[in-house]
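Using the sequences and the hints, build the whole thing.
Number of protein chains: 2
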Amino acid sequence: MANVQPRTLSGFMELLPARQAQFDHMADTLKKTYALYGFTALDTPLIEASEVLLAKGGGETEKQIYRFMKGDTDLSLRFDLTVPLAKYVAQNYANLTFPFRRFQIGKVYRGERAQRGRFREFYQADIDIIGDGKLDISNEAEIPSIIYKAFTAMGLRRFQIRVNNRKILNGFYAMLGLTEKSGDIMRTVDKLDKIGAEKVAGLLTGEEIGLTDAQADEILKFIAIKGSNAEVLTALEGYRGRHELFDLGLDELNTVTKYLSAFGVPESHFAVDLTIARGLDYYTGTVYETTMLDHPEIGSICSGGRYDNLAEYYTDKQLPGVGISIGLTRLFFVLEDQGYLTDALNTAPADALILPMTEDLAPAIALATQLRAAGIRTQIHAEQKKFKQKIGYADKLAIPYAIFLGEDEINAGVSAVKDMKTGEQVKLTADEAIAHIKAGLAKLNEGLPILDKGE
Amino acid sequence: MANVQPRTLSGFMELLPARQAQFDHMADTLKKTYALYGFTALDTPLIEASEVLLAKGGGETEKQIYRFMKGDTDLSLRFDLTVPLAKYVAQNYANLTFPFRRFQIGKVYRGERAQRGRFREFYQADIDIIGDGKLDISNEAEIPSIIYKAFTAMGLRRFQIRVNNRKILNGFYAMLGLTEKSGDIMRTVDKLDKIGAEKVAGLLTGEEIGLTDAQADEILKFIAIKGSNAEVLTALEGYRGRHELFDLGLDELNTVTKYLSAFGVPESHFAVDLTIARGLDYYTGTVYETTMLDHPEIGSICSGGRYDNLAEYYTDKQLPGVGISIGLTRLFFVLEDQGYLTDALNTAPADALILPMTEDLAPAIALATQLRAAGIRTQIHAEQKKFKQKIGYADKLAIPYAIFLGEDEINAGVSAVKDMKTGEQVKLTADEAIAHIKAGLAKLNEGLPILDKGE
Chain A
282 MANVQPRTLS
292 GFMELLPARQ
302 AQFDHMADTL
312 KKTYALYGFT
322 ALDTPLIEAS
332 EVLLAKGGGE
342 TEKQIYRFMK
352 GDTDLSLRFD
362 LTVPLAKYVA
372 QNYANLTFPF
382 RRFQIGKVYR
392 GERAQRGRFR
402 EFYQADIDII
412 GDGKLDISNE
422 AEIPSIIYKA
432 FTAMGLRRFQ
442 IRVNNRKILN
452 GFYAMLGLTE
462 KSGDIMRTVD
472 KLDKIGAEKV
482 AGLLTGEEIG
492 LTDAQADEIL
502 KFIAIKGSNA
512 EVLTALEGYR
522 GRHELFDLGL
532 DELNTVTKYL
542 SAFGVPESHF
552 AVDLTIARGL
562 DYYTGTVYET
572 TMLDHPEIGS
582 ICSGGRYDNL
592 AEYYTDKQLP
602 GVGISIGLTR
612 LFFVLEDQGY
622 LTDALNTAPA
632 DALILPMTED
642 LAPAIALATQ
652 LRAAGIRTQI
662 HAEQKKFKQK
672 IGYADKLAIP
682 YAIFLGEDEI
692 NAGVSAVKDM
702 KTGEQVKLTA
712 DEAIAHIKAG
722 LAKLNEGLPI
732 LDKGE
Chain B
282 MANVQPRTLS
292 GFMELLPARQ
302 AQFDHMADTL
312 KKTYALYGFT
322 ALDTPLIEAS
332 EVLLAKGGGE
342 TEKQIYRFMK
352 GDTDLSLRFD
362 LTVPLAKYVA
372 QNYANLTFPF
382 RRFQIGKVYR
392 GERAQRGRFR
402 EFYQADIDII
412 GDGKLDISNE
422 AEIPSIIYKA
432 FTAMGLRRFQ
442 IRVNNRKILN
452 GFYAMLGLTE
462 KSGDIMRTVD
472 KLDKIGAEKV
482 AGLLTGEEIG
492 LTDAQADEIL
502 KFIAIKGSNA
512 EVLTALEGYR
522 GRHELFDLGL
532 DELNTVTKYL
542 SAFGVPESHF
552 AVDLTIARGL
562 DYYTGTVYET
572 TMLDHPEIGS
582 ICSGGRYDNL
592 AEYYTDKQLP
602 GVGISIGLTR
612 LFFVLEDQGY
622 LTDALNTAPA
632 DALILPMTED
642 LAPAIALATQ
652 LRAAGIRTQI
662 HAEQKKFKQK
672 IGYADKLAIP
682 YAIFLGEDEI
692 NAGVSAVKDM
702 KTGEQVKLTA
712 DEAIAHIKAG
722 LAKLNEGLPI
732 LDKGE
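Protein sequences, first through last, are from chains A and B. Residue numbers for the first sequence follow the numbering used here, beginning at 282 and rising by one. Residue numbers for the second sequence follow the numbering used here, beginning at 282 and rising by one.
One thing to keep in mind: the hints can contain errors.
With a straight-line Cα cutoff of 25 Å, these simulated BS3-like cross-link-like pairs (lysine-lysine) come out [stated by the list, open to error]:
no.	chain 1	residue 1	chain 2	residue 2
1	B	K598	A	K667
2	B	K677	A	K598
3	A	K719	B	K312
Calculated from the structure, these hints are not laboratory results. This structure is a prediction, so every number in the text was calculated from the model and none was measured.
And the structure:
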């Protein structure tokens, strides 16, 4: 009867149960952290009218869109969570309270060229704070601090959030009289990490952009400013007074740096970095990228920034905001690929497996009910199989406790609880079993999905 | 600049934040309950190769599929979670441990005719237990007991899980020599609730099915067997010994009934009901439907049953299973529509809103950090707004506690914590504030999303 080979499309991540549990633990850590900071969950459709989703139009993204007709309707799958947020806020403006803090963790779709580590269906995990007309600068420090907390809670250690401010960049180019060319320049400078200073200089003075050697030098000197955050900020003070926008950006960057510390991000985990520009014209203030210190080649694992006009295609209301996005599927792939995922996390589908040794299952069911009422995830293995196979089931799934319940135990009002790791087996009443298992689980459930072996 | 009207497609549910919190609470209740019973979470792609997804082919469903080409690839959006499960189990057979218990809560797509309360994108929440070759009957009692626990935990009271066994029906028709026609008969009998006994008899003796009056009478008499579960089971004993399949089905139904009680489902919440057949040939043993007692017109809110061959299109392995599915989006719509959703649930995006009264936000940030570390969901309202507007923000979002932090409080090492409901305001240290707020939240968080006003 079987006539179709079961397969999953290339570019679509589908995980085995234990890996799925690790992924879900990471997603849950994000949800819990976002909620602690007062963000509300949104869930928008995966399909939107193409006219709405592609209101901005053009660009590289549009070619990758999953777009199709259903009857007479032109539909598209969302390619990020920002455009649906813009739509949502514009559409529900009258029913929302600002500043509007929302998180969304959801799948998005891009028809990328099939390639190892590139996904066509992938999760993004976004937080944004949207103001009505105005938005305080402190939000620009709080957003990356949330990411710091979330990554740390997953077990990630060696990462750094790199921060810059677009006003500083735009102000600097204005000083040099290069405002018109600033977009081209920033896109070029963005390649510094990849192609090096010499090639960047070549591109800047090339025909297309056409800077003088002196201008290119000044730009490279500027973006070469490095050192501790205090050193970089001090170096930037040397440019103060030459352009209003630059000065405003520097004030913002000082404030963000100060509040990042207040929000608990240690100096080791954020760096003022003038090379961060984010390619998009969309951003107008603070911008972020996040790198894994031991794997800079992976690029940013979490990026975002401040923007002035979230929903300009849908409403004339001025809706400034600040947001950040994690490409969760790609991050998970990278973590697995680089050996960061450990089995320290309890990924078993159950905490206890009851093995009934009597034909009547009622006593086993009663015990399971008690365990579950106490919050212990419990299965009953009621299949007609050999004892060895049943124990093998617990073993394969790494279920930490097996509980044997035979005639003798039932008559004595106990069950035999076996710690599958140590092999230790004790006869306990239901209440004792619950306490015993919970004590063991408390330790077991301290495990995190990520083990960051870096210093 | 605004040039596109923001809108959401018809048939796609998109909720405002407080409603979304209610929906998420229901979904989380399902997840927690499923996990307590040892089910592992799966997350399969929304898009599959059409060839794979439509392996079974034909049927009403295929017309509703969202199917499209991307480049040369023929793709379809999943229309349920069962076919992707079948694919997954067949594909990963060697890496899974059986019985395999999985839950999945995810969106599925059907191009239904647009109609109030009908959704084109909707959540299904499924649990299934898949055996390798065999599967014990006790699983057929455990599955509906999980649904009982989950619905009860949401606040739903007046519902009933109706249980039958396809072997009883098939055995009964075999007794009458009507095996060949049993499919047609069952589809007709299924309409009993909607069109009444007389019209059903008319259809049964009509040209298409062609039963004798005596046969139709016997069928109607059989499915009219009503009463307490014990009464129905006793009446069924009267047919014992006339057909092997019937007898086997009756044994199974007796066992399921017995274990349903053992699993803690009260007699008031399940009924042996011989009219339940489930239209699909797929089911071979116990079948379930769940009705809201005060709204039978809504039909089943949770259905499923036992099947013998999950993945016959993908593998020659015999994979019997039992599963049940909740149409969560539709259920949510119905609950809202019928006035079951209450504001008893705490749907605020935060538990506490800090209102800093000083220019330097550092003390407010430090307090927020302490509250968050204690698990209190906290926002800082740092916007340049009038005091009244800031309090209005807490009010509109139903944030239960507002915390004022001015120069005086900072110097005294306290903050002023206001209970937004009672208006009571007290000056407390950070530790006192945490204890105070947590005590209040404990009560507040007892609220459930559903208030079932029925007796």
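Status of the hints after comparison with the structure:
no.	hint	result
1	B/K598 with A/K667	holds (21 Å)
2	B/K677 with A/K598	holds (21 Å)
3	A/K719 with B/K312	holds (20 Å)
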